[in-house]
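Number of protein chains: 2
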Amino acid sequence: MPSYLKLSYKPQKNDIVAIYKVEPSRELGLKEVAQKIAAESSIGTWTKLTTLREDIFNKLSAKVFYVSEKRKIIKISYPIELFEPGNIPQLLSSIAGNVFSMKAVKNLRLEDIQFSEKYIADFPGPNFGIEGVRKVLGIYNRPIIGSIIKPKVGLTPKEQAILAYEVFKNGVDLVKDDENLTSLSFDKFESRVKNVLRLKKRAEKETGSPKLYAFNITSPVDVMLQRAKFVRKNGGRCVMIDIISCGWSAVQYLRNQNLGLILHGHRAGHSAFTRDKRHGISMLVVAKLARLAGIDQLHTGTVVGKMEGGENEVLKIDELLKEDWEGIDKLRENWGKLKAVMPIASGGLHPALVPQLLKILGKDLIINFGGGIHGHPQGSQAGARAVQQAVEAVIKKIPLNNFAREHKELREALDYWRK
Amino acid sequence: MPSYLKLSYKPQKNDIVAIYKVEPSRELGLKEVAQKIAAESSIGTWTKLTTLREDIFNKLSAKVFYVSEKRKIIKISYPIELFEPGNIPQLLSSIAGNVFSMKAVKNLRLEDIQFSEKYIADFPGPNFGIEGVRKVLGIYNRPIIGSIIKPKVGLTPKEQAILAYEVFKNGVDLVKDDENLTSLSFDKFESRVKNVLRLKKRAEKETGSPKLYAFNITSPVDVMLQRAKFVRKNGGRCVMIDIISCGWSAVQYLRNQNLGLILHGHRAGHSAFTRDKRHGISMLVVAKLARLAGIDQLHTGTVVGKMEGGENEVLKIDELLKEDWEGIDKLRENWGKLKAVMPIASGGLHPALVPQLLKILGKDLIINFGGGIHGHPQGSQAGARAVQQAVEAVIKKIPLNNFAREHKELREALDYWRK
Numbered sequence: 011m012p013s014y015l016k017l018s019y020k021p022q023k024n025d026i027v028a029i030y031k032v033e034p035s036r037e038l039g040l041k042e043v044a045q046k047i048a049a050e051s052s053i054g055t056w057t058k059l060t061t062l063r064e065d066i067f068n069k070l071s072a073k074v075f076y077v078s079e080k081r082k083i084i085k086i087s088y089p090i091e092l093f094e095p096g097n098i099p100q101l102l103s104s105i106a107g108n109v110f111s112m113k114a115v116k117n118l119r120l121e122d123i124q125f126s127e128k129y130i131a132d133f134p135g136p137n138f139g140i141e142g143v144r145k146v147l148g149i150y151n152r153p154i155i156g157s158i159i160k161p162k163v164g165l166t167p168k169e170q171a172i173l174a175y176e177v178f179k180n181g182v183d184l185v186k187d188d189e190n191l192t193s194l195s196f197d198k199f200e201s202r203v204k205n206v207l208r209l210k211k212r213a214e215k216e217t218g219s220p221k222l223y224a225f226n227i228t229s230p231v232d233v234m235l236q237r238a239k240f241v242r243k244n245g246g247r248c249v250m251i252d253i254i255s256c257g258w259s260a261v262q263y264l265r266n267q268n269l270g271l272i273l274h275g276h277r278a279g280h281s282a283f284t285r286d287k288r289h290g291i292s293m294l295v296v297a298k299l300a301r302l303a304g305i306d307q308l309h310t311g312t313v314v315g316k317m318e319g320g321e322n323e324v325l326k327i328d329e330l331l332k333e334d335w336e337g338i339d340k341l342r343e344n345w346g347k348l349k350a351v352m353p354i355a356s357g358g359l360h361p362a363l364v365p366q367l368l369k370i371l372g373k374d375l376i377i378n379f380g381g382g383i384h385g386h387p388q389g390s391q392a393g394a395r396a397v398q399q400a401v402e403a404v405i406k407k408i409p410l411n412n413f414a415r416e417h418k419e420l421r422e423a424l425d426y427w428r429k
Numbered sequence: 011m012p013s014y015l016k017l018s019y020k021p022q023k024n025d026i027v028a029i030y031k032v033e034p035s036r037e038l039g040l041k042e043v044a045q046k047i048a049a050e051s052s053i054g055t056w057t058k059l060t061t062l063r064e065d066i067f068n069k070l071s072a073k074v075f076y077v078s079e080k081r082k083i084i085k086i087s088y089p090i091e092l093f094e095p096g097n098i099p100q101l102l103s104s105i106a107g108n109v110f111s112m113k114a115v116k117n118l119r120l121e122d123i124q125f126s127e128k129y130i131a132d133f134p135g136p137n138f139g140i141e142g143v144r145k146v147l148g149i150y151n152r153p154i155i156g157s158i159i160k161p162k163v164g165l166t167p168k169e170q171a172i173l174a175y176e177v178f179k180n181g182v183d184l185v186k187d188d189e190n191l192t193s194l195s196f197d198k199f200e201s202r203v204k205n206v207l208r209l210k211k212r213a214e215k216e217t218g219s220p221k222l223y224a225f226n227i228t229s230p231v232d233v234m235l236q237r238a239k240f241v242r243k244n245g246g247r248c249v250m251i252d253i254i255s256c257g258w259s260a261v262q263y264l265r266n267q268n269l270g271l272i273l274h275g276h277r278a279g280h281s282a283f284t285r286d287k288r289h290g291i292s293m294l295v296v297a298k299l300a301r302l303a304g305i306d307q308l309h310t311g312t313v314v315g316k317m318e319g320g321e322n323e324v325l326k327i328d329e330l331l332k333e334d335w336e337g338i339d340k341l342r343e344n345w346g347k348l349k350a351v352m353p354i355a356s357g358g359l360h361p362a363l364v365p366q367l368l369k370i371l372g373k374d375l376i377i378n379f380g381g382g383i384h385g386h387p388q389g390s391q392a393g394a395r396a397v398q399q400a401v402e403a404v405i406k407k408i409p410l411n412n413f414a415r416e417h418k419e420l421r422e423a424l425d426y427w428r429k
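Just so you know, the sequences run in chain order A and B.
Once you know that position 353 of the first sequence is 363 in the numbering used here, the rest is easy, because the numbers rise by one and skip nothing.
Once you know that position 378 of the second sequence is 388 in the numbering used here, the rest is easy, because the numbers rise by one and skip nothing.
Rather than coming from a laboratory, the hints here were simulated on the basis of the structure.
You may find that some hints are simply not true.
In silico BS3-like cross-links for lysine-lysine, where the CA-CA straight-line distance does not exceed 27 Å [stated by the list, open to error]:
1) LYS287/A <-> LYS31/B
2) LYS198/A <-> LYS58/B
3) LYS82/B <-> LYS287/A
4) LYS128/B <-> LYS85/B
5) LYS168/B <-> LYS58/A
6) LYS113/A <-> LYS116/B
7) LYS85/B <-> LYS211/B
8) LYS82/B <-> LYS58/A
9) LYS113/A <-> LYS369/B
10) LYS287/A <-> LYS168/B
11) LYS58/B <-> LYS69/B
12) LYS406/A <-> LYS243/A
13) LYS116/B <-> LYS116/A
14) LYS20/A <-> LYS168/A
15) LYS80/B <-> LYS113/B
16) LYS41/A <-> LYS82/A
17) LYS198/B <-> LYS69/A
18) LYS168/A <-> LYS80/B
19) LYS16/A <-> LYS113/A
20) LYS349/A <-> LYS369/A
Isolated chain A (complex conformation):
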């Protein structure tokens, strides 16, 4: 049987390339482990097979074509015939499946997948994407301002709707449910949809601006679809799905239904496998899969992160920065006809962080505030105005402190969270 190692191989036009960072288990060399990974993720197993003929091997075996001992990086090229068109779970079961369990590796991280045009072409991608979301909102020259309702759960549908209305009225473009709010005994989904959409309509009328509310439909698929349709029937334009806790089979299904709804992709739980830089799967891979599947807006990180404790904390941009930047950048690769995903920065943000955030991540962004609005010392309405003022200052290239002289909500926010 020939080897899975083929350093002279040049990936073919339709091939899919996986890039792994590998720490071999103690007794094995990197090249040896690379071959085992290539075998396990394509057509081989731990022992020689009497049923694996040479013609099958030649046609379908994966090829390790790059090994960097220094960086512990390997690249493996896969013939496209190994993958079912348009089936993300099957892709993951192949190249992000058993390989993580192998005793031959101490740690293994799937850093990137480079898809071929032919593979990409079988996916729908986002229905709206950045341009579509901007068009729905009529906002072209600034980031979208989002707000999560807080507390995460506990309000009634009516309270939730009033809170959404109040921030809509004060500069917020998009409001969303939090990740653990679906349909609870004190806040039933259908009642929330009706209450929220009624007041959203009023806010739109009063402000003259279109607004979005992302209803969290995270649930078993049948329930999810029913809720998505309920949102649409009642005039909603946007639903939120937690892509990791629901899973790719459901995400793809939802997009493939072509409901005409903006899909807001939350990613609760991703850090269980993205956080360790030596093992698991990178957030970049998750983002690329979300784009294939057709998520319109995706949480990709804040760079400035959840500011636990808040006060006196210095921003740490370093590594995270690079990762996020790359993530967003690569989401805009030339992916044929697939639209670009709009990134969402969310988690621990408040007005003082807006200048850095926009400098780092650019304007094609949804910036999402939970505590950073509903924790404002003067309440949620003042919180929304403070955020809107911070964004306005940055767009007008005025330093926040200067702008805050004439804008008291911003000043209060800066005083409160910077102290």
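Given chain A, work out where chain B should sit, using these hints.
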């Protein structure tokens, strides 16, 4: 605002308890971090909220009721009102979601979830379970012998069917697709189903024993359902779903359709988040969720593991053993009316490992052989016989080496894989 720390609290009958192992980030103490975890996974966030009223807090806040500085273990009790009945993705978005991303933790592992009877009662659990699977196969006093078709992919439907037939005829009870085989250009799903089921019927007739074939329906939900129905229509009894790469939303949906098919749960990719004992989610939690969702047969580990390199390798049972043992044990907790899941040991198994395996894991088990059958030096049929002989020897309490004197396929297998 009162604290999330309440060491005097005794979990109420309906509460759900999560057990985490925590490594706080450098500057924080364990109790402080425990409270942040309790907040983020229930109703709080990183800053004080003007919208979080005291009545909401008292009703819905999570409570840290156990902190072991020595073991770095914390236990958090959640009021059941925080969770939507029958919605696994929502549960995960809550207690296995953002918490993994918090800067306040360096590492965080969800070790266990203790469900209350009330929470469990809203899930269907397995349709068949251990007893149901045994009844379908008519096997009551020994483990089920399974085989994965190898190579993973590359055979035509006809070749696949013939190989299944050959091992069915020689002692194998259950044959399954491998995890990356769904519907590929050279092995279309529908054609495979028809070919395999035709020869399975013949094998059943000729051996007088019922057989099972687990067809891999891992894909976006619409395709998955279509394929499951196709299997049923053509007389199949069992389908395989990769629960991690498909996700819980799809798994629950599939079970809720009540198709009358045995659900074989593969778990490719779980090690991306279960392998690191300091961070992520334990396999025990995955197994419990699979039971709630209604998986009948679940891959839970082999203890003796993928024998990479094969020869001369010593069995390492230690830690893995304990984990698996616990896993299986807990799958048989008294879960009200929910049936027990049949565990599957799979990956790197061959006949020489059967005695240890059965000693450790017991008889209520599917033992699955891929390379351990199709890698037999005399081919797949001899491989199947060797496995069947190994199981027979153990059941009859005869040492393998003695039994092998009269059973040449077993002898060849022992010679080949032990050398």
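Verification of the supplied hints:
no., hint, verdict
1, LYS287/A <-> LYS31/B, "20 Å, holds"
2, LYS198/A <-> LYS58/B, "26 Å, holds"
3, LYS82/B <-> LYS287/A, "23 Å, holds"
4, LYS128/B <-> LYS85/B, "20 Å, holds"
5, LYS168/B <-> LYS58/A, "22 Å, holds"
6, LYS113/A <-> LYS116/B, "25 Å, holds"
7, LYS85/B <-> LYS211/B, "52 Å, violated"
8, LYS82/B <-> LYS58/A, "44 Å, violated"
9, LYS113/A <-> LYS369/B, "22 Å, holds"
10, LYS287/A <-> LYS168/B, "44 Å, violated"
11, LYS58/B <-> LYS69/B, "18 Å, holds"
12, LYS406/A <-> LYS243/A, "39 Å, violated"
13, LYS116/B <-> LYS116/A, "20 Å, holds"
14, LYS20/A <-> LYS168/A, "60 Å, violated"
15, LYS80/B <-> LYS113/B, "22 Å, holds"
16, LYS41/A <-> LYS82/A, "10 Å, holds"
17, LYS198/B <-> LYS69/A, "17 Å, holds"
18, LYS168/A <-> LYS80/B, "46 Å, violated"
19, LYS16/A <-> LYS113/A, "23 Å, holds"
20, LYS349/A <-> LYS369/A, "24 Å, holds"
In the structure shown, a violation is registered for the earlier hints numbered 7, 8, 10, 12, 14, 18, in ascending order.
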